[in-house]
Structures are given as C-alpha cells and as structure tokens.
Amino acid sequence: MKILVVEDEEALRQVIVQSLKKERYVVECASTFREASDKINEYDYDCIVLDIMLPGGSGLTLLGELKALRKKSGVIIVSAKDSIDDKVAGLDLGADDYLTKPFHLTELNARVKSVIRRKQQNGEQHLSLANITIYPDRHAVTINGEALSVNRKEFDILYYFISNPNRLISKATLAESVWGDYIDQADSFDFIYSQVKNLRKKLKSAGAIPEIKAVYGFGYKMTCED
Amino acid sequence: MKLIRHTLRSLFVPVLVIFTVWGWVFYLMVLHEVEDETDDTLENYKEIIIRSALADSTMLEDHVDIMSRYYIREVAGEEAKPDKDEFFDSTVYIEIEKEYEPVRVLRTYFMTADNRFYELTIAISTLEKEDMIETTVWSMLVLYILLIGCVLLVIHLGFRRSLKPLYTLLDRLKNFQVGKTNAPLVNPTRIDEFKILNEAVEESFHRSSDLYNRQKQFVENAAHELQTPLAICLNKLELMSENPDCTEAQLQEMAELHRTLSDIIRLNKTLLLLTRIENNQFPDTREINLNQLVRHMTEDFSEIYESKALDLQIREEGTLLCTMNESLASTLVANLLKNAYVHNYEGGSIEISITATGLVIANTDSDKPLDVSLLFSRFARQSKHHESTGLGLAIVKSIADLYSIRIDYRYESGMHKFMLFFQK
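Sequence order for the protein chains is A and B. Counting in our numbering, the first sequence runs from 1 upward without gaps. Counting in our numbering, the second sequence runs from 1 upward without gaps.
To be clear, the hints were calculated from the coordinates, so they are not data collected in a lab. No false leads were slipped in.
Quick list of the computed label-pair ranges, beta carbon to beta carbon:
| # | chain 1 | residue 1 | chain 2 | residue 2 | range |
| --- | --- | --- | --- | --- | --- |
| 1 | B | S327 | A | A214 | 30 to 38 Å |
| 2 | A | P165 | B | V178 | 48 to 56 Å |
| 3 | B | P244 | A | E10 | 20 to 28 Å |
Beta carbons: idealized from backbone N, C-alpha and C, even for Gly.
Modelling step: build the complete structure from the supplied sequences, incorporating the hints.
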C-alpha cells in the first residue's frame, strides 16, 4: 500500500509519515503544491493525506487535478480549518474523509485503513486481525467465523482496536473516537474502562487470539501474539 | 418617569402658582375698579341731588326706588362734617322682595343757602356689582384653566419637536448590538448639542464595534494558529509513547501530558466553535425535529448515564421543530445533556420535557442554585467539576442567541432547570 502525505509543516509531516510507516505502508511525502502535483501525476497512491493550505496553492485544486487524472486514490483531507464549507467543498470534490487538526495518529490510522478498505472493490469489506473479523457496514463481528454479539459502543471500540493493532491508544482518544467531541469529561474514562472490560471478557470467552492489554495510566493496546 | 412627564410636572407647579397669584391680583383689581365706579356714580349722584336740592327746596325729602334711594335729614351744624364723604357697604330691607339687599352707601353733608345743614345718605344697590364679579370670576376661572391647558399643550408639543433627535438617539442606543450589523444612524438636526451627541454616540459605537471585531479576530486567529503546533505536540507525544523503551513511570508522565494536551486542544476547538457561531459561519439550515434529536442523543448517552446510575425520563407533549443548522442543533442538545450529566450526583435523575414550543432539561444536584448572571459567561465555573471547560453553557447561549431561542434557568425543588423557548 502506497500513501502520499502532503503537508507543509515539517514536524507534523514527519510524525505522520513515521506513524504510517509503522503500519507498514510505503509512505512518500510532499511539502509544496508543486511537489505534490508532480507526484500525483507521476505515481499512483492508494491513499493521499492532503493538507488544504499549501505553499503554492490549495489542496482543493490538487483534488480537482486528481479527479481529472481519473486516479482511484482515496483522499483524506487534514486541515486546521474546521469549517463546514471546506469540509463540504472537499467532500464534493471527491475527498473520502476530512480530519481537523489536531487529530490523534490512531484516528488517522483508522481513517486511512477505512478509506483503503472502501476503495477495494472485491467482495464484502471487512477488517481482520488474527481470528477476529469485523464487517463495518453491518456492524458485525465474527471470531473463527462465529458471530459475536456486541453492542454499538463495544463495536466502535473494537473497530478502533482492530484498525490500530499493536498501537497504544489513550483512553482520551478512545473516548473521543467513540463518543465524538461531546464527551470531554474525565468521568467518561470510567465508562471506557467498563466497556473495554466487557469487550475483553467477550473476546476471551469466544476464543479470540488478539488481546486488549491495559497500559498503566495511558490506555490500551491490542496485541496479537500468534 | 419619562422626561416629558417630569418636565411637565416641574413646570406645572410654578405655572399653577403664578397663574393663581395673577388671577387673585386681577380679581382684586377688578373688584377695586368696580367699587371705584360705584363710588364715582354715588358722587355724581350726590352732586346732582345737592344741586337740585339747593335749587329746589321741595327736593329736600327722601326718595326711594328699587335701584337707588336717598335720605335727607336735617342735622345740627356741629354734627355736620362738610366736605367729608363717607363710603360704606350696608344692606337695605326691601319690602317688595321682603329681603335685605347689599347696597353701597355714601353719607355726606351739605348746607343750604339758609344755613341749614343736611345729611344726605345715598344708597345704590350693588346687585349689579355682585353679578359682575361673579361673571368675572367665572370667566377668569374658565380662562385660567384654558390657559394652563394651552400652556401645557404647547410645552408638550414643543418639547416633543425639539427633543425628537434625542429619542432617535435613545432608540439607537437601545437597539445597538456589538458584533451585529447596525444600520447607520440617520438623525438630522440643526441643534448643536444633538449634533455633538450624534457624533459622540457614533464614534463610541464605532470604537466598540472595532474593538470587538479585533478581539474576535484575535481569538479566532490565535485558535487557528495553535492548531498545527498542537497537532505536532500531540502526535509526537503519541509516537513517543509507543516507543517500547519507555518505562512505566515515563508512560504515566506521558499519559498525564497527553491528557492535559487533549484538554488544551478541546479548549481551543471550543473557542473556535464559539467564534464561528458568533461569526454566523453555519449558514446551512434545515428543519430539525428536536424530539428525534433528543431521543437519538439520549440513546447515545444512555450508557454513560447508566455508569452514574442516573434515571432519565423524557416527556414528549408535542413535536418541537426548529429551522437551524444540524450540527449546531446537535451541539446545543449535547451540551445540555452533558451538563445535566456532569453536574449530577450518583443515582440522581434527569428529566427532559419537550413541548411544541420548548425544551426543558432538568437535573438533580446537591449544589445550590447557580448564579444566573454568571451562568452563561465563559470560563465562569460555578462548581467543583474541574473537568469541564467552562464553555459548555457559553456555547449553548451563543447558539440560542443565533436562532433567537430564549433560554432561561430556574432552580426548583433541588433541580437545575434549563429551559429553551423556541419562537414559532
């Protein structure tokens, strides 16, 4: 899988690249409009992480270019501008997702994975980790092919873990990804704790190989020792 | 009290006093003039009688008719006081009418050619005088009231006319809202004072608008500019925490840092949201069914509510529809629901009632009633809950303001009640 990161802020570009490389993607980057435009014209990417405000032009123009070239790359816009107009304009121009800075790396990971998954046209779209398979479109989970019943929140949490195997996920990130921006209270951490505990119990009794481990003080990690 | 009433009242008292004194003086003058006239008549009469009496001694006897009467009596020389006219008021009994009537009397003395002294007493009825005074007093009274009425009316009209620019300015002051577009002031006047006032008001409005806009711009820019550095910090920290060499103690420190950083990010996002609401950057609106929204959101929150063993009750008495931005509607409801959760105690309850015109969210709390004046201001936390940003209700307020939704707070039987009234 090949990913292009278009971001002018060097430090941010570096961490994004580093994080994506951990997922074993081939990652390239561009820091200006020109550079990005050249790369888009020359190569094919599975996913492009695109900043809107770039030296030399707008990311939205690049999006138009991409469409004109009939490239099949998935595009995730990352912007400091959290305005609905930009979001709508970006999505109208064919972007697949929109993330507002600052975002969690695990969130970007999940989005990238989801975009790539959606671009694959073959068969039912699913995400697997060892013997766990989840079907995001119908909110279903199977372990060793057997259905596991989970509630909506548990599904969201599991989906997040599966998207970020072996990555450390903070409680705050988890709470945010599952609840959206509305929950910003430390109280919700207790809730996350109990949900994860339930989920862990369910996975274990169903014989799932991956395991959710608590990382003291920080959050959780789904490890898969096979 | 209105200025015009105050002015009229303060003018009314002096006008009343002056007019009363003036009326009294006028009355006295008229009275005096009438008496003078009567006395003159009496004197004339006297001249005529004496002259005719001197010429014709048969005239030296009493004469009585209705209008005038005179009595001539011979007196001793020493008793007579020639050249001394004595005027006085008296009454006379009139047999025909069988009653006393007021008269003006002149008593004088004269000497005939044969050196005999006579006392002449002339009395004329003053009935006419009484009538005249009465008429005068009545017409004066009517004129007096009319005059006062006219004076007040003229003052009133003049006041209204000359102070019209003042009222235009007052209207302007009342309707001016910082941060909203205000129509330019149209207040033509030739009066210097009002011209100065116009300029001063416009100048100060302009200054405060300018200040407000710059401040808003600053907050927005600052929040924007912070986004990227915050993203770098957060993401670097996240990468760092995944480093397998990290010790548990380091991880814990990082977790602390991560949480604080997340708080800053949230605060920043909230500030941006606030400025964006105030800048009206949520133009897309559609009809939102608040009932559905509340039901949907409470469902989302249900597990969280359960973790605090909160009892949630929703009473729907009507369908509440409002044309607004979808994401703002969600933010509005979510913030109120969150508020009801955060400031609640374990095992407390939340009551939501929806009618066709309003939404009420009430929650139990051991705290006292909140200070309404601080309730919707930014960062004015009134509780011990350190987790809240202190901006939740400020957001609720600015969304409510944007859509002219009236918001009210009440503390009733141990419950905080937040009430939203939607305009139909």
